[in-house]
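Protein chains in written order, with the numbering used here: chain U, 1 to 207; chain Y, 1001 to 1317; chain W, 2001 to 2305.
To be clear, the hints were calculated from the coordinates, so they are not data collected in a lab.
Please note that the accuracy of each hint is not assured.
[Stated by the list, open to error] If you only want the chain U side, here are some residues facing chain Y, beta carbon under 8 angstroms, derived:
#1 P74
#2 A81
#3 T85
#4 R107
#5 A113
#6 G168
Owing to the predicted nature of the structure, the values given are computational and were not obtained by experimental measurement.
Beta carbons: idealized from backbone N, C-alpha and C, even for Gly.
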Amino acid sequence: MAATTKTNMQLVVNGLLNENPIFRLALSMCPAVGISTTVANGLLLGVAVLFVQVFSSCTIALIKDHIHQRIRIPTYTLTIATWVTVIDLVLAAYLPVAYKAMGIFVRLIVAFAIITMRLEVFACRNTVTASFWDGIGMGFGFMFGMVTLGAVREVLGMGTLLGYDVLGFRPMLFFVLPAAGFFLVGFMMAMFNYVETLYNRRAKRGS
Amino acid sequence: MKNDVKAFWTLMLIIATLWIGGCEAPSFIKAAQFEETDRIVLTFAGPVDPAWAEDRDHFTVNEKPDPDILLDIASVRLSPDQSRLTLTLADPINQNQPHQVVVKEIVSEGRNMGTQAVTVSKPYFGYLISILIGALLIQNFVFSKYLGLCVFFGTSQKKSTAVGMGITFTFVIVFASLMSWFLYQFVLKPYRLDYLQIIVFIGLVSLTVQAVDTVLRKINPALFKAFGVYLVLVIANCIVIAVPLILADNEYNMIESLMLALGAGLGFLLALFLMSSVRERLDFANVPTSYRGLPIAFIVAGLFALSFMGFSGMSIF
Amino acid sequence: MKEIIRITIALTLSCLLAGLVIGTTFIFTAKAKQHNEHLNVQQTMLGLLGFGPQRPAAPELQLHQVHRYIVKENETMRMGYMLPARCSGGGPGYVWVELDLKGEFLDRHDLVLTPEAALSADDRKKALAGILDPGAEADFADTMIIACLGDRRTAYLLPGEFPGFKTFIKAMVALDADFQLLGLEVIEHEEDPGLGGEITQEYFKNQFVGKSFEKIKRLTVIKEPLPADYERYLKSMGLGNSGLSESEAADIRQRYKDQDIHALTGATISSAAVTNGVKAMVKKFAYRIQVLDQALADGDVKVLF
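Chain U with its partners taken away, still in its complex shape:
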């Protein structure tokens, strides 16, 4: 893939929809299932991933000419691990309660496939600006996926949204149970697929 020709806006939309990390690329599924029980959790982890993705992408784009081909992957890992440690320390210091709710997942961002993959296919071939917007797109795409899942699970499972009572009762406690994360992700992926087939069919008919 050569340097991208997309505009910044297109890069962001690409990350949000066409290449949404959770529903389209099916990467980083662990947090999508594990801690999308509430909107707040999803939002916070989304912010953490956004931070790591943007900073790692920019770092790699900045030093891409100096990276030796053979130590490419170790350099990516090192970069990601550094930024994950930074956000981990910052969250632990300034948002201790929310940090504890997410448990081990913040530190596990280091093993999220989505970040390494964006560095490999995008940041090491593009300018800092383009990588920045790509990182923003991917980060927001992840956050969008997490918040959507979190919203469905929180409303259906607990009857609340962002901690506020919206329904006054709990329609299906099942959705808050961890196992339901698998079902919901499955349903959402199927929905994305269905929309895509509809869209393709219409496009074909149009042409």
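Given the structure of chain U, go ahead and fit chains Y and W onto it with the hints provided.
Just chains Y and W, lined up with the frame of chain U:
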């Protein structure tokens, strides 16, 4: 063949050592163990004096961390052969906590055997097994902790792939966890560098994978051919980094760490095997178009996760 | 060869850079972390005593921290208490008191320790090293907090940890001077969301409020569903606008005062774990504080609480 026998005896020896190491062996009190919810049974090396045993003041029981709070003893009963003594406490015993029993001035066949203290705890071997089973079934990393899903869905299409991945993964995780445990306990913690744990552990895991790759390629090319392809995927699996982090958070000792890592690896193997068995059959099922591939796999995994919830709360030892 | 050197240099440089970034962040966040944690604990404590943004605490309210140690010396054990006291200069300081296992007063020493330094485990250890015998070793056991208004003890706060359904549950319990339960706060837990995780809900925690010491000693969980009126009362506790009139609330409180704890639906083990944990914490504390008060009177030690 001879090697197998040797390995077997070595294993037995290790198990026996663990077993004996788990319970202390005091001189006159041969054994002490919990029974039911509120009893401690002491076994003596010889018959003790019934008149001595009748006096409740000769016995004190306390939870090990709370030496200043003595527990109320409701009754003391001696068995007919005078060598087994049952202490019944007024309240149920918290058996997760080791208890200290002090027996004063033991009288046996007219001789004073002195005061002896003994620690009562659950058998250590049972505790180790419970860690193993815990990581394998009850807290299965895939179905109960939701980790390692990318690799899990990626390699569970065929049974052969699944088993290969599971075995490779188990080996790597045991090595990597033990190494990171050493590094954490003897370098990071003493020098207060725990904030570097993420970067150190991920580096260590990559290093282990690289080392296994090189060694296997040289020593056993056939094995490398079979399992080499999965090695790269191991790094992308978050379980392999989660286990060292959990070990660091929980302060396990070396054998406990080994058990947890083994349980995590075998648990992943089990999950992969179960999932691939279902997915091989799914290929012949008539699945709606939108659900083909990953979506239906997620729903199957959800069903597995639901059934694995049935294991939760199970306590074996 | 040249390539290897280049790779090594590049890797070393990146590692150094990474170390620099992480180190800087660590230095900047370490202080903030400690500060925020302290603030959080402080807020939890005040919240348990019924204070909050709407009801600020009285300025003369003092929270005295008492640290308990187990002292080991040649096979024998003693209890050591680090107690806030007025030091010789008149300012607030700490005094070290040792009791034997039966609770008899043994010894006392004045400590060189300011209340701020006493918050850090390291500083406490340093202060202790100066007065302990060379062969003795003091292991930190726990901390309890005694809230005082003037000379009067108003409440005790007990931080503690007990095994839950999955891993450990960290909680804090508030007792009044007669060991009646004022409040329970679950600080940290890893129970399942939606099931055991509900132990953080008001309607569960508030069931403990108002239980007398006699009741706590025999407290168990029952599997009956929570009665509707009781649930409404529990949920509205401390909020002010419950829709329940004063007399109705008093009536409900009276009716359920000696009720055992209703287990959470689908999480009996978590509920029982909390109940037993609280029970054990309160029982041990009540015993210890009585022993300590007696010993302080025997040894004629003046403390701030």
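Evaluation of the provided hints:
no.: 1; hint: P74; result: holds (7 angstroms)
no.: 2; hint: A81; result: holds (4 angstroms)
no.: 3; hint: T85; result: holds (5 angstroms)
no.: 4; hint: R107; result: holds (5 angstroms)
no.: 5; hint: A113; result: holds (5 angstroms)
no.: 6; hint: G168; result: violated (27 angstroms)
Taken one by one, the earlier hints fail for this structure only at number 6.
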